[in-house]
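What follows is each chain in one-letter form.
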Amino acid sequence: MMSAFESLDLQQRMLLTFEAQEFLYREAALLDERRLDEWLALCTDDIHYWMPIRRTTNVKDLDSEFTKPGAMAYFDDDKRTLGMRVQRLAVGRAWAEDPPSRTRHTVSNVRVVSADANEILVALNFHLYRTRLESEEDSWIGRREDLLRRENGALKLARRHIFLDQTVILSQNMSNLF
Amino acid sequence: MAATMIATDRTRWFNADTGVLDRRIFSDRDVYQQELQRIFARAWNFMCHESQLPQSGSFFMNYIGEDQVIVVRDRAGAINVLLNSCSHRGNSVCRAEQGRTNSFLCAYHGWNYDLDGRLVAIPGQEAFYRNDVDKAKWGLGKAAQVASYRGFVFATLDPTAPPLEDYLGWVGRLGIDMLASNGELEVVDGIQKNRLKCNWKLAVDNLYDWYHVKISHGSALRIGYAPEEAMAPMSQMVILGEYGHGIGGPGITQAELDEYAARMQSGGGEPKWYDMMAARRLDPRVQKMLGPVGTRSFGHPNIFPNLWITQFNQVCLRVPRGPFETELWWFTLVPKELPEDQRRLAIYMANHTFGPAGLLEQDDGENWSHSTRGAKGAVTQRLPLNYAMGRGHDRVEADPSGQSRIETVVNEHGQRWTYQSWQEWMQADSWQELMAHHSPVPSGVV
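Protein chains in written order, with the working numbering: chain Y, 1 to 178; chain H, 1 to 446.
Read the hints as simulated data drawn from the structure, not as lab findings. One or more of the hints may lead you astray.
Said to hold, decoys possible - Derived contacts from chain H toward chain Y, CB cut-off under 7 Å, selection only:
1) Glu-97
2) Asp-189
3) Lys-193
4) Gly-218
5) Arg-222
6) Ala-226
C-beta: ideal position from N, C-alpha, C; glycine also.
Whenever a hint applies, use it, and build me the whole structure from the sequences.
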């Protein structure tokens, strides 16, 4: 049973927030440095990596703003398919990343939502900036819900749900990990 | 006079005899403006699938060329295609891409339109207009014709367009039947949409392209996401249809289909590259629906101008957004009665193959955008493009069923037919002229 963040004392909150941030900054750096095997090793075997499709809806239809789990999505990956994305970049002829993109993952507004001895649920804002080739630019901004879990004393990523702010994706592809 | 001009213009942009294309058609702004008038405003355009409009008031926003349209089910159950522009100042009357509504109320001055486009209320009708406005004359613009084929909704803005089934012809209908033969379809929630920096025609011509697979999608093949033998097989079939429709891609022989059936009867044996395809065509009802040639085709249909139908469970609309930008809209359709595990597998495949993050499609967009960029260079754009693969080396074979086709290796027949047809659409001033002057579907040596 996870405790809501507000029920913890200040010192516990500081420690959890610091620990979560440290993990998030480290794995963001791995993505930017294209150390993807090391990044993949930070994911639990049961990871769910998911980016639903967002739609522009009227206020009264907002319950259908995002597609639900099991419907269509931009990413709906487990460890195996994340592994395929990583492996793809290593075997050649992955043209979307050859020449490679230059990415910068920024995470901010990191808030621990709840925690117990094993898991920390974190909400955050992200900005993934990409530039590639001569002058291509992409910017993906949104909100994330990450579930971090302790395995053998170290934190791992057990869930990443990505809620992008764009509805039509204004990019030629999404060949980078969020 | 007009006929002479058309005859002499036959090679203006594309020379079907040599397979040489003038690449300025990918960058010329006048060509693009003409396309909006002569192709999109004239053709039957795919709007959505009926299952996306379950109730009265359900709507889905789409485009015909760059004209934004609302596809909406009215209170009588009929599907209307309305131009999204108020008759008063031209503002849009709907700003959501999908949802449900009782009416379309303009956010500017409050003119209110019913689900069938009729203007039903004007604020100040008595006080300001002194009742001197005829609401019956000021409804929303509407598509001239709306029709469905097997649940796929199409609309045309041209009242003189032939009926949808005639427009599709047997090839367009076969293309849709290939998906419809999977069962009674419904759209899975979520249309993937992303924007490429390419001319729409380059996205269309790629759907016939089985030459790029091993190169562009080399990484997906190398990691075993898709088997190379099935993704880019040597045996190919091309079916060409009136007005520019076509189907191009893998084809298997009747002997292979029979071999598969016999092997399954005897309980297995060594798997072959075509097993996944053959398995879907064993059902006699499916064979009857698709005909003897269609049963053996696993190619990609294109409903001219811009609806790609995949061989599994998706269709992709190539939406023009200016001469240098195109949006890809992916619709996923699975049979309603599919068992849960198979439904999950179908959605898994759709989510991981195409779309901007798809393991295959990630690598396509830059190819087409760089082809578009190459058509902008002042000197580069003068260099012709080679669409001549296989030209003059194949033959259209007739079939007693009427399903004529080309059976060959990887080729560019589909692309040539697309540009030849496109040129005829662009040079005709009306449907009447297009019907009178368009090329018959090729026969003999192609």
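Structure-based check of each hint:
1. Glu-97: 5 Å, holds
2. Asp-189: Hint holds; H/Asp-189 Cβ to chain Y Cβ min 4 Å, cut 7 Å.
3. Lys-193: 5 Å, holds
4. Gly-218: 3 Å, holds
5. Arg-222: 4 Å, holds
6. Ala-226: Violated. Min distance 11 Å.
Taken one by one, the earlier hints fail for this structure only at number 6.
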